[in-house]
Amino acid sequence: MAFYAVYIQEAHPSDIWQMRSNVREGVVFQNPRTDGERVQVAESCVRRLGIRFPALIDGIDNSVERLYTGWPDRLMLIDREGRLVYKSEPGPFGFEPSQLEAALRQLFR
Amino acid sequence: MRQPPDFFGRVMARTPSPLMMVLPFETLWTHARAGVLHLGDPAPDFSLPTLDHKNTVRLSSFRGSKPVVLVFGSYT
Chain V
1 MAFYAVYIQE AHPSDIWQMR SNVREGVVFQ NPRTDGERVQ VAESCVRRLG
51 IRFPALIDGI DNSVERLYTG WPDRLMLIDR EGRLVYKSEP GPFGFEPSQL
101 EAALRQLFR
Chain L
1 MRQPPDFFGR VMARTPSPLM MVLPFETLWT HARAGVLHLG DPAPDFSLPT
51 LDHKNTVRLS SFRGSKPVVL VFGSYT
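If you read the sequences in order, they're chains V and L.
Counting in our numbering, the first sequence runs from 1 upward without gaps.
Counting in our numbering, the second sequence runs from 1 upward without gaps.
Read the hints as simulated data drawn from the structure, not as lab findings.
Hints may contain errors.
Distance condition first, Cα-Cα at most 25 Å in a straight line; then the derived DMTMM-like pairs of lysine to aspartate or glutamate [what the hints assert, rightly or not]:
id, chain 1, residue 1, chain 2, residue 2
1, L, Lys66, L, Asp41
2, L, Lys66, L, Asp52
3, L, Lys66, V, Glu25
4, L, Lys54, V, Glu43
5, L, Lys66, V, Asp61
6, L, Lys54, V, Glu37
7, L, Lys66, L, Asp45
Between beta-carbon pairs, the in silico distance windows are [unchecked claim]:
id, chain 1, residue 1, chain 2, residue 2, range
8, V, Arg52, L, Ser61, 36 to 44 Å
9, L, Met21, V, Arg24, 20 to 28 Å
10, V, Gln30, L, Val11, 16 to 24 Å
Quick reminder that beta carbons are idealized off the backbone N, C-alpha and C, glycines included.
Model the full structure from these sequences, guided by the hints.
Next comes the structure, spelled out in structure tokens:
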């Protein structure tokens, strides 16, 4: 089983669509313009949220986000044959880890 | 959604809050972000660096050996 966070384009950067809740929590970042800036924000994200599984960084061209329509957040499960077997609805409404858990149980049954 | 996320974000940032109370936003959002991938489709291959840039992970390298979970997201 491989488990990866795919860090993608920010959902609510301060210069585009800032949310009050992010301001309250001190999570205020401008939209990264370069790969280096994106890595800096991603490092803060992983460190402060305590993400323990490996993180991959989408390029500033957002190519992988576009392939998977991952923005703003989304869960996917791919089976051993390389086929998509679970795709959550788009976050935030559709980001349901319990559904992923059910899909994993189904896969390993 | 055919427009890129930052275009969408700029539009949403200017959308009056009362309008959000009237529109069936969740339904519209789910439709707009449906994407083109369907269950059973081959997962598009990609190769991305790890956060520390010490390794590169290619999705297709897991084919035939183990399932893969992808958690897409950002900080904000």
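Take the C-alpha atoms of Lys66(L) and Asp41(L), compute the straight-line distance between them, and say whether it is at most 25 Å.
Since the Cα atoms of Lys66(L) and Asp41(L) sit roughly 17 Å apart, the hinted pair holds (cutoff 25 Å).
* Asked: Does the Cβ pair Arg52(V), Ser61(L) satisfy 36 to 44 Å?
  -> Given about 22 Å between the Cβ atoms, the range is violated.
_Lys66(L) and Asp52(L) were given as a pair; does the straight-line alpha-carbon distance stay at or below 25 Å?_
23 Å, holds
_Satisfaction of the hinted span 20 to 28 Å by the C-beta atoms belonging to Met21(L) and Arg24(V)_ = Holds: the Cβ-Cβ distance is about 22 Å, inside 20 to 28 Å.
Holds or violated: Lys66(L) and Asp61(V), Cα atoms, limit 25 Å. At roughly 28 Å apart (the allowed maximum being 25 Å), Asp61(V) and Lys66(L) break the hint.
Item to check | Given hint Glu43(V) paired with Lys54(L) - CA-CA distance at most 25 Å | outcome: 14 Å, holds
Pair hint Lys54(L) and Glu37(V), alpha-carbon separation not exceeding 25 Å: 17 Å, holds
For this session: Using the beta carbons of Gln30(V) and Val11(L), state whether their distance is inside 16 to 24 Å or not.
Result: 18 Å, holds
Q) Taken at face value, is the distance from the CA of Asp45(L) to the CA of Lys66(L) at most 25 Å? A) Distance of about 15 Å is within 25 Å: holds.
Pair hint Lys66(L) and Glu25(V), alpha-carbon separation not exceeding 25 Å: Violated, because 38 Å separates the two Cα atoms, which is more than 25 Å.
This entry does not satisfy hints 3, 5 and 8, going by the numbered hints stated previously.
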